[in-house]
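Go by the hints and put chain B onto chain A.
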Amino acid sequence: NAGVMQNPRHLVRRRGQEARLRCSPMKGHSHVYWYRQLPEEGLKFMVYLQKENIIDESGMPKERFSAEFPKEGPSILRIQQVVRGDSAAYFCASSPRLTQPIEQYFGPGTRLTVT
Amino acid sequence: SQQGEEDPQALSIQEGENATMNCSYKTSINNLQWYRQNSGRGLVHLILIRSNEREKHSGRLRVTLDTSKKSSSLLITASRAADTASYFCATALGGSEKLVFGKGTKLTVNP
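Same order as they appear, the protein sequences are chains A and B. Sequential numbering from 245 applies to the first sequence in the working numbering. Sequential numbering from 811 applies to the second sequence in the working numbering.
Please note: incorrect hints may appear among the correct ones.
Going by beta-carbon spacing under 8 Å, a handful of chain B positions derived as facing chain A [unchecked claim]:
no.	residue
1	G852
2	H855
3	I857
4	L858
5	R870
6	L871
7	R872
8	F898
9	E907
10	K908
11	L909
12	F911
13	G912
14	G914
These aren't lab readings, by the way, just hints derived from the structure by calculation. Quick caveat, the model's predicted, so the values are computed rather than measured. We treat Cβ as the ideally placed atom computed from N, Cα and C, and that holds for glycine.
Only chain A is shown next, with the shape it has when bound in the complex (with noise of 0.2 Å):
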């Protein structure tokens, strides 16, 4: 039973372009949620989604972020017009949501580097 799956693992971006980040969950894992950690620092939480529902978008940035988990494929993180500040590793969980607690399992992470 393969783990969360990241790709890519390692993403340069000069400032400007888009950045697009894929997760694929764990098998039968319907929600999936998107950190940021930036260097030296815990994560944050930015999304969770369910399959064609944004459930809690409360720590994504209002401008240039955006994500989606459509019914078919990977949840996708979007990031228009990258700058600097973006720079950070964005891990992946996912949880099948069917006990409590909830359990989220981590993907490897993607480390944007915007130059």
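Then chain B, alone, in the frame of chain A:
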């Protein structure tokens, strides 16, 4: 501000010694979880303790939770060099799906 705050921020010990890390939080929680992150890698879930539990063990790990003090501790006994990593506590606030992480404790175990 962070819901969970770990201390110390950094801890350096010798192999075989015990390592204790603490986490304090501000609001009521459903549960508290501890994660390990090796440098440049993803998070590995270590242990979850529910709000109605006081202590939990898993191998060389012992976690305590004091809801009256809003604090938790993670004890790693007989540490190994492979335990070198950052350790984070994360809390799930009442009714919420999202985890709130502290800044972590960076543990170095010297061989």
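Cross-check of the supplied hints:
no. : hint : result
1   : G852 : holds (4 Å)
2   : H855 : holds (7 Å)
3   : I857 : violated (11 Å)
4   : L858 : holds (6 Å)
5   : R870 : violated (21 Å)
6   : L871 : violated (16 Å)
7   : R872 : violated (19 Å)
8   : F898 : holds (5 Å)
9   : E907 : holds (5 Å)
10  : K908 : holds (4 Å)
11  : L909 : holds (6 Å)
12  : F911 : holds (4 Å)
13  : G912 : holds (5 Å)
14  : G914 : holds (5 Å)
In terms of the numbered hints stated before, the structure departs from hints 3, 5, 6 and 7, listed from lowest to highest.
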